[in-house]
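Heads up: the sequence lines are chains A and B, in that order. Under our numbering, the first residue of the first sequence is numbered 2, with each subsequent residue one higher. Under our numbering, the first residue of the second sequence is numbered 139, with each subsequent residue one higher.
For the record, the hints were derived by calculation from the structure and aren't laboratory data. Please note that the accuracy of each hint is not assured.
Quick list of in silico lysine to any residue cross-link-like pairs, SDA-like style, CA-CA up to 25 Å [unchecked claim]:
no.	chain 1	residue 1	chain 2	residue 2
1	B	Lys-262	A	Glu-84
2	B	Lys-189	A	Arg-15
3	B	Lys-187	A	Ala-13
4	B	Lys-187	A	Leu-229
5	B	Lys-229	B	Pro-276
6	B	Lys-187	A	Glu-14
7	B	Lys-148	A	Asp-16
8	B	Lys-262	A	Arg-427
9	B	Lys-189	A	Arg-9
10	B	Lys-306	A	Asp-16
11	A	Lys-448	A	Asp-373
Just so we're clear, the structure is a prediction, and the values are computed from it rather than from any experiment.
Single-letter residue listing:
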Amino acid sequence: MTVIATVRDALAERDPRRSIERVHTAIAKGLEELDPSVDLHRTGYFNHSWAPDFVMSWPGAEAPRHIFLRFGVRDPVVLREVELLRDGAPVFVGLPVDDRAVQRSTNGDATPSLREARALVAETEAIGELGEAAAEVRDVRTATRAVVRGGVGILDSGAASRYVDSYTTAVREVLGTRNADVLRKAMDDFDNLLDEPTVLRLESSLRTRWLAAGAPIDAFPGREAWQLGARTVAEIADLIEALLDQDEPVAPAAWLEIAAHISADAVGTELRERRERRGERLNDFVRTALQSWSAQWAHSPPLPAESFEGVFDWVITSSGLGIQLPNRMVFFSDDGRRYSQVPSDFPLPEIVGREDLLADEAVAGLGLVTTDEDVEITLRETATHSIRDLIGDLVLRESATWRAARISSMTLRLPALAAEATTDYRRNVIEASRPLPLRQMLTIAAKFIADLSNDELRELSRSIQSTSAQTTPSP
Amino acid sequence: MVVAEEAHEKGRAGVSEVKRWLEATMRFDVRYTIYDQVARVTLPLLEGKAKRYDMVAQHFNDDRERTPSGCDVYIEVKNVGALSTAMKQDKQFIEFVATAYSAREAGFDTLGRDPGFEFMFATKHPWDVKNYLKFATPEFVAECCADHESLVPSDRVDPTRAAELAEKLWVWIVPSRQDDMTMGRAHLGFVWQALKGGSL
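With the rest of the complex left out, here is chain B (with noise of 0.2 Å):
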């Protein structure tokens, strides 16, 4: 298999791993992928951009109904093997948080609104540990904006919004073993039943 293939392929596996972990938790539904339609994972940015994530899941709360929380994550999937490609993940992270402030003041400029959109990077390999606590942040929200002007013009980056954008960020480090931790089938399909009444 040549290498793009394969590439293809470990990049596939992982966006269907992390599509499967996060529905098992009850919380998500991941109704679109990169693999699926494009369009439905593809947010505009400012200055005309578009960014395509690898999937796009909707939130729900921790009630009975599974009432919709009202927002929409947009995921970016690491699927890191090698500690090399771990490292890159200090600027791609900054970068994704930079897209992701423009994603969200496109959406304000359209809908006039906020969109509801929060944003998820799923890496399998933890990054710049001292600085790990501070990637929610604003201030940090705001760095990232600064480092990346093409995406961000310094005169839309604003402390409010960058404070409400790093309470929409999930960082979510996915163990190895994430599997021995996941509710399977059976389990899930108790929780169904009590859900909707009935049986699957």
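Looking at chain A on its own, in the form it has when it is part of the complex (with noise of 0.2 Å):
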């Protein structure tokens, strides 16, 4: 049954109480259709002069809507009604009356002050309407949602049907033929049905499809000039967020091109204020931006127990931007105030068994434990052996206390990059001495830390590889 016909069924029950307990449910159940996500607070009150029927909120709201159900809510008297209850931007949703009512229309005229006092009427019927085009194309919903949380002005069949419509061609432009003209009269129609806030949101999510579709951004029709480059960082973890949550797919340019405007801590400071993520798209997000981001800090906590599920899935949450790896975790950062607060007694590991990984030529230096003493070896660039040869010679005289030694600390040396970095095992800390690519920060936590075998850094090197047709350097 549509609304509107549940309404006038409800409208005849004999029991007014009844009767108007029906009521507010097919009016509640209209508008939650329109935005699935709105909370809807019964007053008790039925048609009141001041007290609204609902009290309306929705996620992030900043201030409630008032929702007053009014018969006959196109005449000139409702007009007086809006000024006394302008507060709460709020909603006059008309009820059918008897044909029997004499009833009087207001004119156009109407508009300017409903818009002014941020107030829509919204017949029933014209409410209905909005709910089944919702109903029969899922897209539809973002534009009824806006209605409900931003709509001013007069909501009947016909500008329920032209808005529709509207947002239609709007998504079509967006995802087709990119017109820019059609494109921009399409949105100018939203000004007939949305405040201007209201619009300017719809008009950022079209912007989001826009650039998702791979198109360029700095071609999209807005109504004010918008560039990523003069974005917040919280705009552009907005954009982020909508993207990662859209249906459609996402074209690794549109990656390519955020990943120039933030970097990876940014991107972990700001994600994780806002809900953990894993994997799926945010995978193919940091795969692809990798090649754009660094980071001068890494924090490689161990996991609790080796785990299969997930491995080298990227992830927000709590510590920021991470990966997982089959033993630990993997957390990026510019600002080694971060790490600050970790644990500092992680269990060291120990040397024995660790002689390959000292081999490595970056190896330009190494803490060690023993139960006596705090070594500290460090190579000169003019040396001619390894540390690994170092160790062996010292390993190899057999004695107990330097074959029960534990690496405190580790540093790397990558002329390439005309850097240093250290780790710190006690609190499985890497510092660089400037920023690194994140791929190569990303390996030597893997390598020096979580100590993966060779099979797991290929596979890791494989998962990390970019589905962009950008040829990506490897690690």
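Combine the two chains into a complex, taking the hints into account.
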């Protein structure tokens, strides 16, 4: 049954209390069809002069919206009510009246004062029609949600139909033809039913989809000039979230363009405030963005147990942006203070069994702890042997003390990057002398902290290959 | 604007105002007016007739829970401007009382018990000042019924019922500055908060 039919049926109910309850339920369902995330609090009043029937809120709402049910909502007397009830961006939902009841309609002149009061006058029939459109085409719900939250003016059947047409035209242009003039005209029509902030938000969602479809963002015919480079970190994070959550796939070019304007650290810092994420499209994003990103610090805490679930998935957690290795997590940062409070009592790795690692020519320094000594070894640049050679000599003496030695720190020299990286094994933190390519930092963590096998390192390397057409350097 | 339209608009505005003022007292909820659902504001009378009121309000007790007092108040609104129109209220009020008696009797006949109706005559202009204090008396009610036998056959006029109806009549002379006396939405919001424990 349509909303209007349900309401008419409810109004015909003999018992007034039951009638009102059924009317409220029908209208609530009608509004929820337009925006499933609304919270509609029933006040217990009906058609009351000043108390709304519902107080409506939604996630992130700055203020609730008051819903008043009215018979004959198009009568000029209602405009007086709009003046009296203008707080709360009121919505007046017009209930069908008896045929016997005498009604007059407002003319179009009412619209400016409604807009000024941020008031929406909506006929039940029009609410039902919007709901049917949203049920038929899920995409339209973005548009109907906008009406619920920021609709102003008069919503009758004609207005509902024109609005849905405008929105579907806009989406068609964004995803297909991309005729800027047609798109701009369609978006201009949103003004007939939405307040300006809501129009801009709806445009923003279309812009996101435009970018996701691989179109150049500067070519989007937005009302306001919009350049990615001029956006704040929070705004870019909004865009990232929208792209991560939308149904349509995101072109790698879109991820690349975004990654050029925000750091890995900023992505982690912003998105961790919103919600945790793991894998799926986040993997696509980061794997594409890796070629643009760097980090100066990394933290690699051990996992409680080795896990095969979600290995090599990128994550957003309270620790920021990271990746799961088979036995550890690795998180990245551009701010060393981020890891100043991490535990400093992780068990130190034994030197025995890590001889091959120490043979890596990058290893230029080592901190060792024995039962009796704390030893720091640094190879001069002119050294002709490796740390492994030196340690091998000590270990080969079969000294029980040295065989039991543990590694407290390790310094890597990276001449190609003109940098050094020091690993503190007490805290599982890597600190580089300057930002390193993220891929490089990850490899250091994977090899020298997580101690992944060669097979695992190859798996890791394959997993972080971007799916984009662009060539990516191997780690 | 033609005269009929003007009259309609004035009537509608008057009903809307009275609704608002009544609800601002927190003792009434006017859920239906003649511009909403006619059936809800129409009462059957004796002799197969019916009376359409301007609005019907639920009345509430003055307690924290705001419990219904158990009566619905049917209201006739007279948005009177001119003296000549005000003078007609003599006859109009008499008919109003007779109609109220008839409606109440019809309710008794249908339900077999007191139907819980009360009746309010809301006007902006006083009338018949000499007899004003007698309006809500059993004797006056009986006189009104006698004046309108077509509404109340003589064998239906009962002194006890007349006395009961006298207790259920409201006469409200609405001052022109009622808006200046009415608690506005800002204050009403606080009251609502206190009642409901939430915010409006």
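Going down the list of hints, with the structure as the test:
no., hint, in the structure
1, Lys-262/B to Glu-84/A, "holds (23 Å)"
2, Lys-189/B to Arg-15/A, "holds (18 Å)"
3, Lys-187/B to Ala-13/A, "holds (21 Å)"
4, Lys-187/B to Leu-229/A, "violated (74 Å)"
5, Lys-229/B to Pro-276/B, "holds (18 Å)"
6, Lys-187/B to Glu-14/A, "holds (23 Å)"
7, Lys-148/B to Asp-16/A, "violated (31 Å)"
8, Lys-262/B to Arg-427/A, "violated (87 Å)"
9, Lys-189/B to Arg-9/A, "holds (23 Å)"
10, Lys-306/B to Asp-16/A, "holds (23 Å)"
11, Lys-448/A to Asp-373/A, "violated (28 Å)"
This entry does not satisfy hints 4, 7, 8 and 11, going by the numbered hints stated previously.
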